[in-house]
Structure formats: C-alpha cells, structure tokens
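K.L.:
As a plain string of letters, each chain reads:
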Amino acid sequence: MSVDIITPILAAAIRSGTPVLYAVMGEILSERSGVMNLGLEGVMLIGAFAGFSATQATGDPAVGIAASFLAGALVTSIHAFLCVTMGANQVVSGLALAMFGEGMSAMLGRNHIGQTIAGIKPFRVPLLGDIPIIGQIFFSHDVMVYASYILVAALCFFIFRTRPGLNLRAVGENPRASDAMGLSVARMRYAYTLAGGGLAGVAGGYLSVVYSQMWVEGMTAGRGWIAVALVIFSIWHPLRGALGCYMFGGVDALQMRMQAAGTSVPAPILLMMPYAMTLAVLVFISIRKRQGILLGAPASLGRPFRREERE
Amino acid sequence: MIHWKLEPRPNGTARFNFAVTAASLCAASAIGGLLMGLMGVNPFHAYFEIFRGALGSKYGLSETLVKSIPITLTGLACLLAFRMSIWNIGAEGQLVMGAIAAAAFVRYCRVDGSVAAFACMFAASAAAGGLWGALPGFLKGRWNVNEIISTLMLNYIALCLMDLLLYGAWKDPTSMGFPMTPSFPKTARLWVFGNTRLHGGLIMALIFPVVAWAALRRTQWGFEIRVIGENARAARYSGMGILKNIVLVMFLSGAIAGLCGMSEVAGLHGRLSRGFSVGYGFTGVIVAWLTRLNALLLPMAAFLMSILLVGGDTLQVTMALPLSSVQVIQGLILFCVLGGEVFRGYRLRRVRAGGPSPEDGE
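Protein chains in written order, with numbering that gives the first Met the number 0: chain A, 0 to 310; chain B, 0 to 361.
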C-alpha cells in the first residue's frame, strides 16, 4: 500500500478513536481511584444526547460539549452514590447504569431522531498541519481531537508526577492506608468517579456534536464497552490507553473502507480484534501478577471501602 | 453537626427480606414514573399499557411466558456463578455459543426428529455454552484473571463469531441480505404447545431452577460452592477444590445458558438470526439479583421482567416510545435492589459529631 492510501486511514483512525479516548481517560481516572464503572455505554449515550440538545438549543457546540460533561457526571453520580456511599456491588451498579443511560437517552431523544446540528467544524492547525503526512494524520481534525492530545499528556503528568496523582493511586491501591494517611477516600472516589463520568459524557458529546453532528438512538454502538476493555488493555496508563484507542479507531476505519471496497477479509474478524486483544492482555497481566510482577491494576478495584470494618 | 452513618445490622427475617425487595420494586416504579412524567409521558398510562400489553390478552400472556423462558434460564446461569461470587456476566455469549452449536448441528448432522438426534443437539449446545463459560472459569481459578472482563469480552467475541457465520457461510441465500440461516427443518424444532409459541424450553425453565435449588441447598457440593463463594480462604484450608469447582460451576452456568440459546433458536425462531437474543444474558443478571440468589424464585422474577419486555413492545406501538425505554425501568430496578441490599445488611443511624464515634478526621 502506498502512503496516499495509508495516510487517510491513519487520519480516520485518530478521528474515530477520539470518542473512545475520552471515555478511556475518564475510566482510567475512576478505576485508579478504585471504582469500576461498567456503565460507560449508557453514560456516553446520555452525554451524546445532552451535547446534541444543548447545541441544538443554543447553536453553540462549545455549550454542547460542556453540557455533555455535566450530564455524564450527573448520571454517574447515581453509580458513585451506590458504590462509594452505600458500598454496593460495582459490577451490578455499572450494568444498571448502562441500561438506564441507554433507555433514558432513547426516551429523551425520541422526537429528535435523525435531526442534524451545526457542530464543531474541522480546523487545520497552522504550521503543524502543513507538515507532510504527520500534519495530515494528526493536525487536520478538530479542536476536540487536539484537546484530547493535551488531555492524555496532562493525565500522564497528573497521575505519575504530582502529589494529588500520587494520592489518587494510593486510594486505588490501598484505601485503608490512604485513610490512615488522612486522605478522604470517599471524597476522592466521588471526585474521580464523577470526573470519569464527565469525560465519558464528553466522549458521547464528541460523537453527536463533532463526529456525526446528529442524534441517532444508540449511536455509541458499543464504544462504551470497547472503552471498558481498552482500560484493561492500557494497564491503567493514559498513553497506552491512547494507543489502544487509535488501534481500535484504525480497525474501525479499516473495516469501513474494506466493506466499501468489498474485500474478502470479513468485517466481524476485524471487529473481534479489540476484544480478543484485551482478553490476551488481561490473561498476560494476571499471569505476571501471579509471578509477583505488579502491572498497574489498582489493588482495591471493585471493592467498597468502609472505614469501620476490617478487611 | 449531625451525620448519617451506615452500621451493620443483624440478619433480617424472610419477611423483612421480602419487604425490602418489594419496597425496592415499588421505589423503582415510582422513580420511573416520575422520570416519565418529567419527559412528558403519562406514567399511569404507560404502566397501564405495559400491563395490558403483557397480560391483557391471550397473545400477550403467551408472549410474556415465551420471553420468561430465556430470562429464567439466563438468570439461573448467572445465579449459579454468583452463588460462588464468580461474576459471570457472559451468559449472553454462552447463550450465543449454544445457539451456534445447535445451528451447526442442524446444518451438518442428520436431524431426523429422533430422541437421539435431539439428545445430541442438547449435548452440543450445552457443551458449547459450557466451554465458553469454563474458559473464563479456568482463567480465574488458575491465574486469577478477572472474570467480569473476560466474560464480557467473550460475549463480544461470540457475537462476532455469529456475525461471521451469518454474513458468510451460513447465510440463507433467499433471505435478501438479512443475516440469518435458512429455516430449520421441522424435525429439528422443539416441541410446541398447541398453537401457541410456547416451546419445550418451558420445561427446562420450570425444572432446572428446582434442581439447582435442591443441589445448592441440600447437597454437600452445594454447601462447598457457597463456602467458596463466601470465604475462599476458609474453603481452601478445609481442602475444597477451588479450581475444580470454579471450572465446574462456570461450565454448568455456561451450559444452562447454551441450552437456553438452543431452545430459542430450535424452539422459538426456528433459525439462527442476528439479534435473536435481545440481551437476555444481561436481563439474567437483574433477575438473579432480584431473587437474592434463591433459584426457586427465578421463574417468578423472570415473569416480572418479561412483563416489562413485552409491555415495552406495546409501548412502542401504542405510545410511540422507543423499545429501549423499558431499560430505564430495568436499570432503576437494579439500582433500587442494590440500594435495598445495603439496607438489608446495614441501617442508617444519626451520629452527632463529637459523640462516641466521631466522623471523618479531615
């Protein structure tokens, strides 16, 4: 394949990987604090509808993106309340959130199906966008894509290089020790779970306000579940998460092109790849963990913390 | 300053437990009604339509029963694993694998309607679903691979496999592009009750929960399963085979889901088609939670869920609401049951700061 064919596919990979990227970054934050949110699919759909309707009402896509963040955080607050305050089962609560979000977005959007909005337009970065190949792949998209680059870098710095980031990791690894250290486990878990929900909302908002600029019921089409998987694939690291998202985006872009071109490799096999790879990574890190090599999985992930109880 | 604080409470009576579940269901319906009202939908009208659609006619009632078959079976699949604190949310994938195995059997083997042929079809789908469950079970038992994610991934892999077959080798040439296999021959169809759509799967849905209940409550094996679920360390010290039991339970769980998939394609639809399961594997999770892992209550809880699903179809027709709007109520039920679960084990108490147990040192 020549460069002319590959470059547009890579550019498309970035674009279709971006919505998943926002969700993955949010979920990394949430899981790093010890709260697993399986409900990303539902949160993304709520965010997508909120972004769509706010943009439609105000005509300003920036308001739409802000609304999708708020809506995502709002609906995730149910999950945060059940998991942090009530210490409920995170798996079941996450599943409930996925169903609830899917249903709510469908109900709210029932009279808007297929309506279009004027969303965020592409914006080629001056100078950087003129670099051959690289410019086309990375810098010929829209503001939200560029913001996501900054988000990844900022999260890497925040999680691994700052004091609050250290605290975040501590709460996820050992809430009891963090509590003894004087950190408020509940408060931090709330903050990061809600931030994660907000980012998942933005992920949905990207789909409706930037990517397709319309509302379609169930428009996330399973990307929320992919995001849950990619967080494991990333081994809870933003940079690897971004890589995984672009790989998924590449597969997505590739299978669309291949379908259009009518090639012989069936699309389902390609679509299966992210799931199969995640499973492989999961097995790999679990085996390494058995051998005493810890790879990033927050130790208290999925376990409620109640101060007064012993482990 | 007055704080609220959760503190453990002693185990409640059966009546108390039932009341909590009933209260959770009522709360979910009330919140659901409130949300509908806010969205400009008359909740009384909507609930009336749900019940009228699901129970108001002979057709509706039989549809409700038909849909409660797969929900009972996937609920049982989830329940078995949950009993052991194994979070199998892969019933959907196991169900799909069972259905694929049944379709493969019909396609490649001689189906003559004999008992032997049916026995083989049952065995094939149970084995396919069972292995799809045993794999994450083995990974969990051997290397402690998180079964929530592995079963979730296997769901999608199974769905992709099905798509691969339905869009490729198994596609019905006369289906005008719809992803489905050709109709099964009559000899491969499960027995159907009279002129209804109720099929032989109903028998499984009625018998399996009772057998499972008896096995869990009345045998030593069931006791081991519960001990492993509640305290794996104690189980290990007393010499119970943990790996063996995890694999076994996940195999059984998957096998039940697989049989469920088989009964859906060979009993109800008569062909394997994309979307033959409308997320039954996930509905199973709700149902298992609703019963508080008591298998005897499964058919009842499944019937309740089925009312929602069938009623959702009616809502779509009579009130032009999207089919997924019942998911709002399903999600709320799960939320409320979860909340109720906490109230079962804990009670809220008011605590004054500075009292005997000072809150949070910031």
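Just so you know, these hints were derived from the structure itself, not from any lab.
Fair warning: this is a prediction, and the values are worked out from it, not measured in the lab.
You may find that some hints are simply not true.
To be verified - Between beta-carbon pairs, the in silico distance windows are:
#1 B:Ala29 <-> A:Arg175: 48 to 56 Å
#2 A:Ala56 <-> B:Leu205: 47 to 55 Å
#3 B:Thr12 <-> A:Ser76: 30 to 38 Å
#4 B:Phe50 <-> A:Arg162: 53 to 61 Å
#5 B:Met299 <-> A:Leu69: 49 to 57 Å
All residues carry an ideal CB built from backbone N, CA and C; glycine is no exception.
K.L.:
State for each hint whether it applies.
P.N.:
We went through each hint and held it up to the structure:
no.	hint	result
1	B:Ala29 <-> A:Arg175: 48 to 56 Å	violated, 38 Å
2	A:Ala56 <-> B:Leu205: 47 to 55 Å	holds, 52 Å
3	B:Thr12 <-> A:Ser76: 30 to 38 Å	holds, 33 Å
4	B:Phe50 <-> A:Arg162: 53 to 61 Å	holds, 57 Å
5	B:Met299 <-> A:Leu69: 49 to 57 Å	violated, 40 Å
Comparing the model with each numbered hint stated earlier shows that hints 1, 5 do not hold.
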